[in-house]
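Each chain is listed here by its residues.
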Amino acid sequence: MLLNRIFQYLSYLTIGIIFVYITPLLFSVPSWEIKEVFPLVILDSDYSDSLLRTLSFSILSTLGIIAVSFFLGYILKNIKHKKLLLWGSLLLLPFLLGSVSTSFLFKVLFLHSNILNLAFNNALILFFILGVIQFWQFGTLFTYIFWLNNLSIRETLKEYTDFYNFTSWEKIKHIFLPHQRNLVILLSIFCFVSNLYEVTKLQIIFRASKGTNSELISTTLYNAYLSNSRISPDFAINTLFSQVTIFYLPLFLISTLLLYIFISRAISFIIRPNTYFSFVNIRNTVKNRISVCSLIFLIITILLPILIIIIKQGLQVHNLSYLAKTVYLSLLASLILIIVFILPLSYYLRVKHKHKFYEINDSSLWIFILFFLLFLIPPLALMLFGFEWNNILGVKGAFSTNVIWVLGQCINSLPIIGSFIFVVHFIVRNKELYYLETMNANFLEIVHWSFLKRFRLEYFMTFLFSFSIIWNEGTFNKIYSDVIPSYVSEILRTVNSRNADYSQGMMFFLFSLFLGVICIILWNIILQRFFRPK
Amino acid sequence: MIQLKDVTFYYSQSSEIYDGLTWNIGKPEMGNHIHFILSPSGYGKSTLFKLILKVINPQKGIVKIDDGARISYVPQEPVLFEHLSIYDNATFFKYLLARKKEFNIELFNEYAKILGLDDTILRSKKNVTQLSGGQKRKLSLLKALSLNPNILLLDEPTTGLDAQIKMGLLSQLKDLVHKYNILVLYITHHFEEAVLIGDKVHYLLKNPNGVIANISTQDIQDFKLNPPCLEAAYLVDFPDNRIQKGDYNGKNFSPNELSGRFHLRTIENNSQLFSPNGFPISDDTRE
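If you read the protein sequences in the order shown, they are chains A and B. Using our numbering, read the first sequence as starting at 1 and increasing by one per residue. Using our numbering, read the second sequence as starting at 535 and increasing by one per residue.
Quick caveat, the hints were computed from the structure, so don't treat them as lab data. Watch out, some of these pointers could steer you wrong.
Interface residues of chain A toward chain B, partial, derived using beta-carbon atoms under 10 Å [as the list claims (entries may be wrong)]:
| id | residue |
| --- | --- |
| 1 | Arg154 |
| 2 | Leu157 |
| 3 | Lys158 |
| 4 | Glu159 |
| 5 | Thr161 |
| 6 | Asp162 |
| 7 | Tyr164 |
| 8 | Thr167 |
| 9 | Lys173 |
| 10 | His174 |
| 11 | Arg181 |
| 12 | Ser268 |
| 13 | Pro273 |
| 14 | Asn274 |
| 15 | Tyr358 |
| 16 | Phe368 |
Listed below are the simulated PhoX-like cross-link pairs for lysine-lysine, each with C-alpha atoms no more than 20 Å apart in a straight line [stated by the list, open to error]:
| id | chain 1 | residue 1 | chain 2 | residue 2 |
| --- | --- | --- | --- | --- |
| 17 | A | Lys82 | A | Lys287 |
| 18 | B | Lys561 | B | Lys713 |
| 19 | A | Lys171 | B | Lys713 |
| 20 | B | Lys539 | B | Lys588 |
| 21 | A | Lys171 | B | Lys628 |
| 22 | B | Lys647 | B | Lys708 |
| 23 | B | Lys539 | B | Lys598 |
| 24 | A | Lys158 | A | Lys80 |
| 25 | B | Lys588 | A | Lys158 |
| 26 | B | Lys635 | A | Lys171 |
| 27 | B | Lys628 | A | Lys287 |
| 28 | A | Lys354 | A | Lys431 |
| 29 | A | Lys171 | A | Lys77 |
| 30 | B | Lys708 | B | Lys561 |
| 31 | A | Lys287 | A | Lys80 |
| 32 | B | Lys647 | B | Lys628 |
| 33 | A | Lys171 | B | Lys634 |
| 34 | A | Lys158 | A | Lys171 |
Derived coverage of chain B by chain A (criterion: at least 3 residues anywhere in the stretch with Cβ under 8 Å from a Cβ of chain A; other residues may be distant) [what the hints assert, rightly or not]:
| id | region |
| --- | --- |
| 35 | 542-551 |
| 36 | 579-589 |
Note that CB positions come from ideal geometry on N, CA and C, so glycine has one too.
Isolated chain B, as found in the complex:
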């Protein structure tokens, strides 16, 4: 459904973000709807979204979206207009020239019900700035859903919400994407959100030059037990006693070679060696 082929992207040539990245996401199937894109801050997760949304174009390579795909997007900070009423904000796309045909009022009402945004909230005379953080997030989500998308991009949609509201929003999201067969790409750096509702985790891996050249795709449980790199291990709260300095696959290293290097004893005991900044070191690159 979404295909990135040999994508190279940089804002300035001195700071390349992606180098020859290839990545595919297929159509949502049973239990394969919500894809989490995970990595620490500053790894270019939002840039990946911008490439998919085509607000930026790669210097090399192709970003391809299936014909007939209807993409909607919820930015990290809800885009709500203070000069419009709450209802006008929610139904904003029915006024937008380029999108008014996609707006579906029946679906809008159904989604509003699922998200718990009833008429007392939507028709309220309050200014949109007076809504709570959770309500603003829901409103922003509802607005995106009102376009009847089959691909939904969510950029850290729970930032600033307390645990209870976050849980509520996530479970409502899970219900509706499964019910309406929507493919969700969800950016976060909180693995616990993926554990709650995620189906797949895509982890952005940097090469030793600090450029993203690969994305590892795993099931949630697999990611938790076998994180692809040291930073991912920290992200999933990998037990400290399984992060060890020392030998690798039974091979001994001199103290100098060992200095600053780590390996993870994963559940299958399939140890891998990492450099101090978390980059996996393959057998070829090892001395």
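Looking at chain A on its own, in the form it has when it is part of the complex:
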């Protein structure tokens, strides 16, 4: 009973911390610089141009990435061979590398090439290249997800469509798109939000600036904050806080909602019975070859840039102690995230409310919606909530900064890591939980036998993954870099220095690559369980 209570209170505490962390605006209403906000963000062309650019880039890039990933996932569906599926896990690598590593990779790749010059001279080319890089990082992940999801379509359904001679378009329209509908919407929103808050790649690769029309709104806001803080730090924080919470956050929420409506409507329009689109019909043997070639092409696209920069920079061990300094707090944050924020809540809901939390359904959806809403909050706003808490409590100094940093990073990474662990826990069947309960197993015993022993690998992989996300994060790490050494600050320092020496950055990159590869190996071990004959 006592254990139950402890887990119950821990769960409430988790949700409580999240809410408390993001609600300092209730305390700081009087300090809102409302008068400063609206004229500035609407009338000042720096803000409005940047906002327009951000929205256009985010929408176009999202639609492009999702369409291409969906199409590639459709092409790859013919690959069912176990070994190829395991090789296919390499599609996860760019996402696992994280934003800062991806930025560093392309920075070094484009170094001394004409690509950067072209991008500096033409904002359209710059954003096109950024879109391609976003595809490299997110599109490959989406392709992999679409591919795996396509494999879950019943074989008899495929035979049915073959017998009745469905065209490729009819197969997409009636089988694949309806099957992937929710996933398309979810990934679109994920991609849109990631594009909306993109800041790291622009700064590291393209050194975005007002003059080259290459700033997105996060960069504009951050730069304004920096110049305001030279006048008064409090004024800078209050202005930024007001701009973000009163104007941009609602605007982003509305634009995400509009995107959701647009994509749902577009899918409904496409899957109407009488829409026709002509596709070339290809024989099955040729289709299989195209699938395998596409997979090889994608893997080469992922590995080639990595190999090129390794050849360019070499495999080198450089200043390990500096690497260690950047690592320990990220390790701590990812441990706290998993052990304190996610597992108790997930165990409590899965075991104590098993009749609701056994799959994604109407009863369990709220937790995913909560994660999702959290995901919509820009990292910049999360950072500001932390600043506000410091002001409210009147605390200053390295320790309080560390606490705020850890909390902010946890809340920032919670949506992705939390959703993953919740879904993993759905693998445990309710029958098993009811059985253990009938046998009078206590809560801790159920957790031990049904979860901890079963999901050790998954937890370890998630831990590495969350560490990678936190360590590779761009906003928090950059802003707190005076107190907390970080990967991004080192890369930015290198990029901005005259005689750039990328050896330390390369060391960080290789470390990130190593983590990514370990995650992929673990994922493949997990995946092999599903291939075992039952």
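With chain A fixed as given, assemble chain B onto it according to the hints.
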């Protein structure tokens, strides 16, 4: 109408399903419309359908369908699309590029009437997932019939239906296939369905290596009284007292030889010897 000649098929070489199978089904004649394909689960009944539908090809041999044959197929689990209305699901083939010419609205309306799917159901605003199991099966059948087929392949079309609905569906099926002269191949492992509406039973026989090399074809009554093997005897609920261990055609065996062997005393007393796994043992293979 359907001809399989020396067909050998396997998904992987280590697990062969058919070996040199030859099997014919002629045009439907008076009282010879509904053919049941019977065998326990895992014997490759659905694979036989896939070969006829040509979604898979045999490694050896030929599968031949008469020119002009129009085949339609109803899978075990109804294929209904949630994103389409009930009516659009029923008339789905009128939208499908490869099949729209075969779709016949007059026949569709007639079949709908016979199957009891009136406008209140077809034009209902409900989502197709909200239909009952029986209605979904009927809708799936109607969809297949709307192509005016003369060969209809049904893969366990009554799975999950209760007895009353099953009876209704089967009698409607019987009426319409006789009326419109359709050849029906019907997969099941429930012999009672064959008794209700079947004309012929085709039983897949495995050889001692576990591969299908022969299909026995019998009338319903004959199959019931003289099942071709021990497993078929269990399928038709053959009386236990007629499944005996012991002598075969008056020949005595030693206790060792008898161990695990059975024979069926069929109605004509034409006993046959079976091994423990149900394979018939011919006189040649017997010691």
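message = Please verify whether Lys628 of chain B and Lys287 of chain A have alpha carbons no more than 20 Å apart.
response = violated, 27 Å
key: Per-residue hint verdict: Glu159 of chain A, partner chain B, C-beta under 10 Å   = holds, 5 Å
message = Check whether the Cα positions of Lys158 of chain A and Lys171 of chain A lie no farther apart than 20 Å.
response = Holds, at roughly 9 Å.
Arg154 of chain A as chain B interface residue, shortest Cβ-Cβ below 10 Å = holds, 7 Å
query = Taking 20 Å as the top limit, are the C-alpha atoms of Lys171 of chain A and Lys713 of chain B close enough?
reply = Measuring from Cα to Cα gives roughly 34 Å; hence the hint is violated.
request  = So, Arg181 of chain A near chain B? Judge it on the closest CB pair being under 10 Å.
outcome  = Holds. Min distance 8 Å.
key: Agreement of hint Asp162 of chain A with chain B interface, Cβ distance less than 10 Å   = With Cβ-Cβ at 5 Å, under 10 Å, it holds.
inquiry  = Holds or violated: Lys708 of chain B and Lys561 of chain B, Cα atoms, limit 20 Å.
reply    = holds, 17 Å
request  = Using 10 Å as the Cβ threshold, decide whether Ser268 of chain A counts as touching chain B.
outcome  = holds, 8 Å
inquiry  = Checking one constraint from the list: CA of Lys158 of chain A to CA of Lys80 of chain A, max 20 Å. Satisfied?
reply    = holds, 14 Å
inquiry  = Less than 10 Å between beta-carbons is the criterion; does Lys158 of chain A satisfy it with respect to chain B?
reply    = Holds, about 9 Å.
inquiry  = Lys82 of chain A and Lys287 of chain A were given as a pair; does the straight-line alpha-carbon distance stay at or below 20 Å?
reply    = holds, 18 Å
In summary, the structure is inconsistent with hints 15, 16, 19, 27 and 35 from the numbered list given earlier, while agreeing with the others.
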